[in-house]
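*Asks:* Protein chains in written order, with our numbering: chain E, 772 to 1722; chain H, 30 to 550.
Be aware that one or more of the hints could be misleading.
[To be verified] SDA-like, lysine to any residue: derived pairs with alpha carbons at most 20 Å apart: (1) H:313 <-> E:829; (2) H:332 <-> E:1197; (3) E:921 <-> H:486; (4) H:320 <-> E:848; (5) H:437 <-> E:845; (6) H:320 <-> E:854; (7) H:332 <-> E:1217; (8) H:320 <-> E:841.
Hint data in this document are derived by calculation from the structure and do not stem from the laboratory.
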Amino acid sequence: MSLVNEIDYGTPESKAEKLVSLEIDGFKVTVPEGTSIMRAAMEIGIKVPKLCAYDMVDSFGSCRLCLVEIDGRNGTPASCTTPVAEGIKVTTQNQRLGRIRRNVMELYISDHPLDCLTCSANGNCELQDMAGAVGLREVRYGYDGENHLKSEKDASNPYFTFDPAKCIVCSRCVRACEEVQGTFALTIDGRGFASHVAAGMDEGFLASECVSCGACVQACPTATLMEKSVIEAGQPEHSVVTTCAYCGVGCSFKAEMKGDQVVRMVPWKDGKANHGHSCVKGRFAWGYTNHQDRILNPMVREKITDPWREVSWDEALGRVASEFKRLQSQHGVGAIGGITSSRCTNEEAYLVQKLVRAVFGNNNVDTCARVCHSPTGYGLSKTFGTSAGTQDFDSVEEADIIMVIGANPTDAHPVFGSRMKKRLRQGAKLIVIDPRRIDLVRSAHIEAQYHLPLLPGTNVAMLNALAHTVVTEGLVAEAYVRERCDTQAFADWAEFVSLPENSPEAVAAYAGVAAADIRAAARLFATGGNGAIYYGLGVTEHSQGTTAVMGMANLAMATGNIGRRGVGVNPMRGQNNVQGSCDMGSFPHELSGYRHLSDTATRTMFERDWGVPLDPEPGLRINNMLDAACDGSFRGIYIQGEDILQSDPDTHHVSAGLAAMECVVVQDLFLNETARYAHIFLPGSTFLEKDGTFINAERRFGMVRKVTAPKNGYADWEITVAIAKAMGMNWTYSHPSEVMDEIARLTPTFAGVSFKRLEEAGSLQWPINDKAPEGTPIMHVGSFVRGKGNFMITEYVPTDERTGPRFPLLLTTGRILSQYNVGAQTRRTANTVWHEEDRLEIHPHDAEQRGIRDCDWVRLASRSGETSLRARVTERVALGVVYTTFHHPTTQANVITTDYADWATSCPEYKVTAVQVSPSNGPSQWQETYEDLSRKTRRIAGAAPVVEAAE
Amino acid sequence: MTRPRIFVPRDVGALALGADAVERAIVDAERRHSLDIEIVRTGSRGLFWLEPMIEVATPGGRIAYGPVKAGDVANLFDAGFLDGGPHPLRLGRPEDIPFLARQTRFTFARCGIIDRLSPADYRAHGGWRGLERALALGPDAIVEEVTKSGLRGRGGAGFPTGIKWRTTALAAAPQKYIVCNADEGDSGTFADRMILEGDPFVLVEGMVIAGIAAGASKGFVYIRSEYPHGIEIFGRALAIARAEGILGPRVLGSAYAFDIEIRVGAGAYVCGEETALLDSLEGKRGQVRAKPPLPAHHGAFGKPTVVNNVISLASVPAILADGADTYRDIGYGRSRGTMPIQLAGNVKYPGLFEAGFGLSLGEIIDDIGGGTKSGRPVRAVQVGGPLGAYFPRALFDTPFDYEAFAAKDGLIGHGGIVVFDDMVDMARQARFAMEFCSIESCGKCTPCRIGSTRGVEVIDRIVRGERRAENLVLLQELCETMRFGSLCALGGFVPFPVTSALTYFPEDFGGAPLTAAARAA
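Starting from the given sequences, assemble the full structure and let the hints guide the process.
*Replies:* And the structure:
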């Protein structure tokens, strides 16, 4: 094992088709037109000295080390900024070039500390390398001239430091911030010798607009920007390439290691989802894996009011098996069930659903996609024939019109958000449909052509109004529809959307958006070239979530925007493996690859492979399990890696269901909120401690590789296998690759997947089978998976959750960049400096009416419950709308949300709750009681009091 | 009897010398004498030692008086100056003043003569003829005409203007721009400013022609913030030009659209460099861009852009009006046409002298400039701004021509000449060049950013006599590094003043003086 060092070609790849041949130091090379001489040289292994060039950003030409000579041309052009030309002869090394380079290096070093031996970049410093490469032997200027050596170090960012004394002002950080991340937080301030890197208005990194994505740190050739973890631990010695376990972008990272300790996580340039970029979570927020709150031993207790008792694995597993068997014998086969995790690997999710179906003997299995993207699966499969997004991320590079609906990519999917911003800076147009003014609406060098700030709950009406405009104004892509879609379904749909009640004018009356804007946005989308729709939970988490997904699919088909690059309907999947957990058969009615249980052929294939009969009847969904628990028929549950008490809606209902069960088994890294109701706790392992695969939002299988041994002793899949064995099954898996082989064997969509194949390809997008051995970046090319594209009638039915005199405001929820979902991980990292509490965003007018000022404590009440949190008065939310995040358990945002849900998939309606907001003095009585109970239910016998969830 | 007309310059040079007070004094006198006088505010003729130089219209032509102080006005009235009466300050017909008489004025033909904001006066003096001919010729023929004239970039680089225009004309893009560089920052230069203040329409006309030729419908004039009067006057000229239909959707009723916007600099010398100018114009920190891509392909806001100096553009109307040949026939070698030479520093006759290329440096300094103001011997002249070489008397036979100066490691730049007498300390001047660069560098490339600061330190050491021989070698190497290693001409040309000072005036650096023979060699 060694350190993975990607080649830095100095300048980005040219995508030109025309090839150009030239000669460099006597060697012939042929490269695409537009390639820099520097890159062409690197292609044949000739390293031209360089400091400011870096292939993640455009060439810059400032360091002047890469000067070369070209026969017949004057002077010494920089090889990074000079493109190749046919037939030129380039010299990269001679006496004159050597002298200029050495003398430039001499200037650099005349203003640089001479502390190489104690420098954190020692051994991995490009300045050091270049001093060696050019043969610098002395600095004739001396070291007592004017310099920056006394500049103060900025250690304000929790993860890295900025030491201007070591800065060579190459602007790589500034350019990475602009070109890769698109935040424009950094600049060069001052002129001449006084030029220096400044964050924001020179206010330091933490106080600036910096989003801590790490692109600058990665770009820095010296120790100027350096991870604090490297400063502490020293340079890593080997790396393991793996996949990030935060959001559905699925970035590839190099875990850079010293022995079994992670020193830093660095985005991998060959990663096809992220191309070497990262966000603050994946790059830096991995400290939770070593957090003191992690539970490393199995624990049991009789009653949830008892303290936990640490036991051996054998005892804990034996207890799980005996309790589950007892419950089934006393209350029937259907008395228990399981929940697969969207945070765990495909192999782990697959094994949990197999445990339920093959060992428990029922189909009571569900997954957290129930509460996020279940409408995506259903809606897209009805219209297109596949339960997944249609594009790869790279597709955005060819989009001309980007429509973002109910998603906030720069916060929730930041690495893809950056790529989208890059495309927008290149001139693509943007339409944002969101109740809140998300950052994309207007940020550095980006402005949405249209922001339609609709009232929460009116998505379907809005989509119908857009479709109405497209159809009635003759903007339908008729040839496309005729060739690719079911014409009868189209005709019915066209007639439906053309109804006057679907006109922008009719919808405007209750959606809160001007009809003219709706029409203009529709025209732009239909006529502006490649139109791509990106959407998130703001679409799905509604009582009409599925209808809205179908509405987007209809719109995309009607405008001819499916089946090629630059277009598509793209769900921004929330969790690292939510796509995978769905694909693996985690829903009660479906086997892997979205095949219904009632299909005898499929079921028989599984029965034969697993050697057990399967119940053809779908099992219970999460909410049904909780209902059944309250009724007394459902008694035990195995929950792997999901915190339903915090994440599912209507917390009172969830806690009542859990409290009613006799055996709640929680497998997790931490004593999460759900574990308060657990009887058996099985410590889980992190993504760094196991092998497996994740599937990201673009259907991409990415390898997850074990970089260190599980601190708890077992990877999660091993624990599920052990439960099956304890319950009498003879499962013999010795490695997740065997699980994947089984999945491939049983699932036509994944027939071509194996660990070996993934090792070779790096990553692959499903379907991967004989028809598509290299995977499928773009779906529905040529024809839809289901044959003809199917238009669905999408009648707008307002949610039953209505505002009224008692609850006049609409609450909607979302996420923030630095925190991740329920915060179990990110709250246990230094990311809390950016978001230490959830706040309620409220429009100044609504705040004024209620006597609420910024930072005041407010009481937030709905028909379901109430909680207290502090207010942020802002015009980001429209009048009548309030917004909060749900990262902190003390906020208990889901005490407020209702049990209304999507008609088709039971996906909860998190995004619309009628509420009232009033001033308050602090946390509610309920919150205080909850806190107290929280402490009590987390006691561990013989252990020091458990530290409360890290803030 | 016609209404008496008095021409009072409002050029900043004249204002600094009291032109406004002179105007007030004239108004007072007018009231006292119960006269009705028309006062016309003009630009400057460019004879600064005579400013404020006021002129009166007489049947025999204009008669100049100067330099006039406010206190002289009553006296002038008494002397009957409205009729060109005799007075100690009377200069006679301005065109007979030798400094003016020796000039060949194309670009500055109207400057100091016309009411600078009167389009009618502009037309009466030959204005708009170039544009009218351009409209008749069409883009290709305009480019051809400008190419044929031999006009080269007057900002300093001397790149053929016609070729630059053709490059942009051939670049396919829905939007292109004409950018006028009015960030005139060189020491001893004021030609751009005189045009902005004294004949703004000639620049408007030149830019419109450039726009038609290159296929650009929008122009920007980037004016340094230190030129508030120029900004004001040019801004007013633009408004008038729009009202006159010169600018707008239909230039002089043609199918061509063109408009001009002023962008004001923020005090950085380096923003006179065309790519740093473009960054600054776009609202960014003025920082030099690497070339390629050339601005002609990828300029302002990423669009194909012609970037020309004020004088280049202001020379175009005359070329179009009188024909390329008329212009090309003047000049020397490959330097065709006229150059507005700007004489400044310690010189007896400071001012603007437009003449064909080819005068010797000695003629310019001694004959035209009249030697030093102090009366002491001329020791050195710096030609081409702070990055120009210092030439000793021994090089006074050098003809004023791009190539001839380049051959002697000098440059004519924007045509500014600063004269020094024998009191000058050339080591201090060399140090100043480095210091200027260390302050004014954009900070992008290493040789310029760090090298200039080290240059100051090394020169200090040489002057102090610290390890002189080694430090002289180091300074030479530093100059080589900056010259060949810098990204743009700022760092790249700083070695010119430094090495020329070292070469021709070694005694100021503690070395032995050059022999006369060595100097001449």
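*Asks:* With a cut-off of 20 Å on the C-alpha distance, tell me whether residue 313 of chain H and residue 829 of chain E pass.
*Replies:* holds (17 Å)
*Asks:* Is residue 437 of chain H close enough to residue 845 of chain E, meaning Cα to Cα at most 20 Å?
*Replies:* holds (18 Å)
*Asks:* Hinted pair, alpha-carbon criterion (20 Å max): residue 320 of chain H, residue 854 of chain E. Please report holds or violated.
*Replies:* holds (10 Å)
*Asks:* Check whether the Cα positions of residue 332 of chain H and residue 1217 of chain E lie no farther apart than 20 Å.
*Replies:* Holds, at roughly 19 Å.
*Asks:* Within 20 Å, alpha carbon to alpha carbon, are residue 921 of chain E and residue 486 of chain H?
*Replies:* This hinted pair holds, its Cα atoms lying about 19 Å apart.
*Asks:* Has the given pair, residue 320 of chain H with residue 848 of chain E, been kept, meaning a C-alpha gap of at most 20 Å?
*Replies:* holds (9 Å)
*Asks:* Holds or violated: are the alpha carbons of residue 320 of chain H and residue 841 of chain E at most 20 Å from each other?
*Replies:* holds (15 Å)
*Asks:* Do the alpha carbons of residue 332 of chain H and residue 1197 of chain E lie within 20 Å of each other, as the hint requires?
*Replies:* Distance of about 13 Å is within 20 Å: holds.
No hint from the list above goes unmet by this structure.
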